[in-house]
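Participant: Line by line, the protein sequences are chains A and B.
Residue 20 in UniProt numbering is what sits at position 20 of the first sequence, and the numbering runs on without skipping anything.
Residue 189 in UniProt numbering is what sits at position 189 of the second sequence, and the numbering runs on without skipping anything.
If you're looking for bench data, these hints aren't it; they were derived computationally from the structure.
Do not take every clue at face value.
Copies of one chain are not kept apart here, so a pair can be met inside one copy or by any two copies together.
[What the hints assert, rightly or not] Below are the DSBU-like pairs computed for lysine-lysine, each with C-alpha atoms no more than 30 Å apart in a straight line: (1) Lys271 with Lys64; (2) Lys16 with Lys64; (3) Lys291 with Lys271.
Number of protein chains: 2
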Amino acid sequence: MTVCEVGPRDGLQMAKSIMTTEAKCAWIAGLAAAGVREIEVGSFVPARLIPQMADTDAVVRFAKGIAGLTVVALAPNLRGAQAAVMAGAHRVSVPVSVSAGHSRANLNRSPDEQVAVVGGIVAWLRETAPGVELEVACSTAFGCSIDGVVPETGVVRIAAALAAHGVSQIGLADTVGYANPAQIRSVVRAVRAEIGPALVGLHLHDTMGLGIANALAGLEVGIRDFDAALAGLGGCPFAPGASGNIVTEDLVFMLESMGFATGIDLDGLIKARALLHQGLPDEAMHGQLAKAGIPRIFQRAA
Amino acid sequence: MTVCEVGPRDGLQMAKSIMTTEAKCAWIAGLAAAGVREIEVGSFVPARLIPQMADTDAVVRFAKGIAGLTVVALAPNLRGAQAAVMAGAHRVSVPVSVSAGHSRANLNRSPDEQVAVVGGIVAWLRETAPGVELEVACSTAFGCSIDGVVPETGVVRIAAALAAHGVSQIGLADTVGYANPAQIRSVVRAVRAEIGPALVGLHLHDTMGLGIANALAGLEVGIRDFDAALAGLGGCPFAPGASGNIVTEDLVFMLESMGFATGIDLDGLIKARALLHQGLPDEAMHGQLAKAGIPRIFQRAA
Numbered sequence: 001m002t003v004c005e006v007g008p009r010d011g012l013q014m015a016k017s018i019m020t021t022e023a024k025c026a027w028i029a030g031l032a033a034a035g036v037r038e039i040e041v042g043s044f045v046p047a048r049l050i051p052q053m054a055d056t057d058a059v060v061r062f063a064k065g066i067a068g069l070t071v072v073a074l075a076p077n078l079r080g081a082q083a084a085v086m087a088g089a090h091r092v093s094v095p096v097s098v099s100a101g102h103s104r105a106n107l108n109r110s111p112d113e114q115v116a117v118v119g120g121i122v123a124w125l126r127e128t129a130p131g132v133e134l135e136v137a138c139s140t141a142f143g144c145s146i147d148g149v150v151p152e153t154g155v156v157r158i159a160a161a162l163a164a165h166g167v168s169q170i171g172l173a174d175t176v177g178y179a180n181p182a183q184i185r186s187v188v189r190a191v192r193a194e195i196g197p198a199l200v201g202l203h204l205h206d207t208m209g210l211g212i213a214n215a216l217a218g219l220e221v222g223i224r225d226f227d228a229a230l231a232g233l234g235g236c237p238f239a240p241g242a243s244g245n246i247v248t249e250d251l252v253f254m255l256e257s258m259g260f261a262t263g264i265d266l267d268g269l270i271k272a273r274a275l276l277h278q279g280l281p282d283e284a285m286h287g288q289l290a291k292a293g294i295p296r297i298f299q300r301a302a
Numbered sequence: 001m002t003v004c005e006v007g008p009r010d011g012l013q014m015a016k017s018i019m020t021t022e023a024k025c026a027w028i029a030g031l032a033a034a035g036v037r038e039i040e041v042g043s044f045v046p047a048r049l050i051p052q053m054a055d056t057d058a059v060v061r062f063a064k065g066i067a068g069l070t071v072v073a074l075a076p077n078l079r080g081a082q083a084a085v086m087a088g089a090h091r092v093s094v095p096v097s098v099s100a101g102h103s104r105a106n107l108n109r110s111p112d113e114q115v116a117v118v119g120g121i122v123a124w125l126r127e128t129a130p131g132v133e134l135e136v137a138c139s140t141a142f143g144c145s146i147d148g149v150v151p152e153t154g155v156v157r158i159a160a161a162l163a164a165h166g167v168s169q170i171g172l173a174d175t176v177g178y179a180n181p182a183q184i185r186s187v188v189r190a191v192r193a194e195i196g197p198a199l200v201g202l203h204l205h206d207t208m209g210l211g212i213a214n215a216l217a218g219l220e221v222g223i224r225d226f227d228a229a230l231a232g233l234g235g236c237p238f239a240p241g242a243s244g245n246i247v248t249e250d251l252v253f254m255l256e257s258m259g260f261a262t263g264i265d266l267d268g269l270i271k272a273r274a275l276l277h278q279g280l281p282d283e284a285m286h287g288q289l290a291k292a293g294i295p296r297i298f299q300r301a302a
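Bound-form chain A, shown alone (with noise of 0.2 Å):
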């Protein structure tokens, strides 16, 4: 069971302030030290569009150097997929919007370029950087708020698409948080019909109160791999109406009380919750199991 986490990333680009390098650090050090195994820590995109992830090189080379991490970075183009492997990290992240409006604003390509553009990364990679993971997030794989309706035909193919372009890690994401637990069932049964376990994990925001509703529809037909963001930090600056990551600490306790280990400690989370609020303190943060406390019946996962 893996929990990556994605609030440094996913999290910060649509905060309201800019946190600093240090605090960013202090940050990812804490998530690491309560179990966290895998963080994406940041994108290489222009900081004239996204300022808060001026600093990702930092950022990786610090993650870096924190054992038993594995560190990810988004890249939404070659070139951004080089800066990630210059500065050391594990596995590059690329989206590809699934819906021709979010694709247009978030990445200013259709659909069908964005994937070629991945080809383009996937032949760079092998010859250049073979050790380094790639994995391709599917965005508003479950609805647009630009779109609408987002057709399982459409997620079918553009996975295989990927797929088609040697990419092993796919996962789909709920980038505005319009699914529901049934179309997350259905699109990955569909999904995974067609390019088996190359389909990887789910990324679902919690828009509409139903992250973590859908995660559990996710982890009942097979899926072991969620994203999430502490505090449930998150957004898209382009997705109108997009909200919160869902919050990694109570997806956490939900895995753990059922039975799923997931190597990461609660107690550890929730002092990582307080570097996160020194680093950005105006920045609203969410979440059960903060509020409630660790009942005192909690059982880890074995």
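Dock chain B against the given chain A, drawing on the hints supplied.
Facilitator: Just chain B now, kept in the frame of chain A:
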């Protein structure tokens, strides 16, 4: 699919201020106008213990005038049940705690003593008011903030004792919100194996952020009757740490999105939230749907 609104009872008993009878009635009328067909409108308990419930008689009499609405009132004992029947409630809801500590704190009786009280209410209703329904909510069925872990065998034992007394509507309540989805499935299956269709519903709290996921788990094992509170109001004065009920509008959004017809209109619930806020302006209101708005692509179940 039935969503029973319990805000006017479970929601209000923890409220910091007293809602006027007029405001309660306006809120209840708003809920009914949104299509809510069952509302637990109050409880017949001593006003010195829960002053928010002092006007339950008047509220029941008002709610009885709304065509098509099933009016539910909570009663902890025979005297309360008699008052509920006198006021005209269609259904009396009686709590039985599974855990001894909560039973003592909430009812000042042991669980077995309270089962005997239920037996007396069954006999009295049969004799005096055969048209009035009786339901029993098994409190702390998934954990207790006083006693800690609540064994599944204890829940089954209490449910069986209630069924033996002829109670045909039995619900399981996660009074303090400690349940996880795997536990929901397990306890529902164990209780159903013992009492069959007399197990009708779930009463869930969102203390740990798992309330909607727990509802999904219940849905998957055949539960079609859920309690919820508008804006997630609620708690239990004798269960430290307990926070709000699951949010009616978020639950309805999930159910309708998944294709389950609730008969409830989300716009109507948003309007009822405004009435609740007018009547109780200092109370925190929860729920994601109201924050995010109803997505343009939302489709009601047919």
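Participant: All the hints need checking, so say for each whether the structure fits it.
Facilitator: Hint-by-hint comparison with the structure:
In this homomeric assembly, lysine 271 and lysine 64 come within 30 Å of each other (Cα to Cα) only inside a single copy, at 21 Å, whereas the closest approach across copies is 51 Å. In this assembly of identical chains, lysine 16 and lysine 64 lie within 30 Å of each other by CA distance solely inside one copy; the values are 27 Å within and 50 Å between copies. In this assembly of identical chains, lysine 291 and lysine 271 lie within 30 Å of each other by CA distance both inside one copy and across copies; the values are 13 Å within and 28 Å between.
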